[in-house]
Amino acid sequence: SAVISQKPSRDICQRGTSLTIQCQVDSQVTMMFWYRQQPGQSLTLIATANQGSEATYESGFVIDKFPISRPNLTFSTLTVSNMSPEDSSIYLCSVEGGWSNYGYTFGSGTRLTVV
Amino acid sequence: GNSVTQMEGPVTLSEEAFLTINCTYTATGYPSLFWYVQYPGEGLQLLLKATKADDKGSNKGFEATYRKETTSFHLEKGSVQVSDSAVYFCALNAGGTSYGKLTFGQGTILTVHP
Chain G
1 SAVISQKPSR DICQRGTSLT IQCQVDSQVT MMFWYRQQPG QSLTLIATAN
51 QGSEATYESG FVIDKFPISR PNLTFSTLTV SNMSPEDSSI YLCSVEGGWS
101 NYGYTFGSGT RLTVV
Chain S
1 GNSVTQMEGP VTLSEEAFLT INCTYTATGY PSLFWYVQYP GEGLQLLLKA
51 TKADDKGSNK GFEATYRKET TSFHLEKGSV QVSDSAVYFC ALNAGGTSYG
101 KLTFGQGTIL TVHP
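Protein chains in written order, with the numbering used here: chain G, 1 to 115; chain S, 1 to 114.
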């Protein structure tokens with residue numbers, strides 16, 4: 001299965017600032033996915049990132065708040081903009097692992113605390 | 001739309017007890033079903049999966065069978081260990097235009113005592 005390196009692993013940020021989270025995959029993948037896990041909650045899909053096109057956002061998430069870049073088939077970034085304490089969550093990226101492989105693989109996550 | 005419902009937690013068991021975590025789903029078509037595990041302070045790991053009706057996924061002593069007639073994918077383990085303490089998530093992928101997107105249940109916290 002694919003191996004994902006995600007960074008930073010955690011950060012504490014001031015409200016009103018922005019944080020960019022990076023995901024690097026060890027193989028080329030068509031789609032990358034960004035999820036949010038709010039404290040004590042399940043995972044919610046933020047957006048799907050395809051190389052060469054704009055990301056597709058799920059209901060309740062907008063590009064101005066969560067801009068995404070996908071410059072090539074192995075890398076993506078998610079920015080959390082103009083942060084507030086409500087943005088404190090774990091953010092995870094995911095890629096498809098293929099049916100004959102291990103399903104969908106997740107990065108280790110970025111634990112964000114906004115103060 | 002697609003949804004996944006897991007049994008309410010937390011679940012507390014003694015070591016070597018039998019574990020069942022219920023999961024039911026709503027989806028159009030024929031989704032693939034997954035169980036993910038999140039150990040304390042760690043990311044999400046795939047535990048097992050099933051891609052069609054009557055498939056049984058298994059890994060590390062855990063099993064789950066894809067039951068289309070009851071739209072269920074219950075997780076079981078015959079004898080839990082302290083090291084199984086974690087949060088367990090049931091998830092589905094509906095395929096088609098939803099390819100790659102996972103819909104998760106709310107998660108079930110499992111604590112196993114010695």
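No wet-lab data here; the hints were simulated from the structure.
Owing to the predicted nature of the structure, the values given are computational and were not obtained by experimental measurement.
Yeah, the Cβ is synthetic: ideal placement off N, Cα and C, and Gly gets one too.
Be aware that a few hints might be false.
Stated by the list, open to error - On the chain S side, residues computed to face chain G include the following (Cβ under 8 Å):
#, residue
1, M7
2, G9
3, F34
4, V37
5, P40
6, K49
7, A50
8, K52
9, D55
10, F62
11, F89
12, L110
13, H113
14, P114
Said to hold, decoys possible - Pulled a few chain G residues facing chain S out of the computed Cβ check, cut under 7 Å:
#, residue
15, S27
16, L45
17, Y57
18, E96
19, G103
20, Y104
21, G109
22, L112
23, T113
Results for each hint:
no.	hint	verdict
1	M7	violated (14 Å)
2	G9	violated (11 Å)
3	F34	holds (6 Å)
4	V37	violated (11 Å)
5	P40	violated (12 Å)
6	K49	holds (5 Å)
7	A50	violated (10 Å)
8	K52	violated (11 Å)
9	D55	violated (12 Å)
10	F62	violated (14 Å)
11	F89	holds (6 Å)
12	L110	violated (15 Å)
13	H113	violated (21 Å)
14	P114	violated (26 Å)
15	S27	violated (15 Å)
16	L45	holds (6 Å)
17	Y57	violated (12 Å)
18	E96	holds (5 Å)
19	G103	holds (5 Å)
20	Y104	holds (6 Å)
21	G109	holds (5 Å)
22	L112	violated (14 Å)
23	T113	violated (14 Å)
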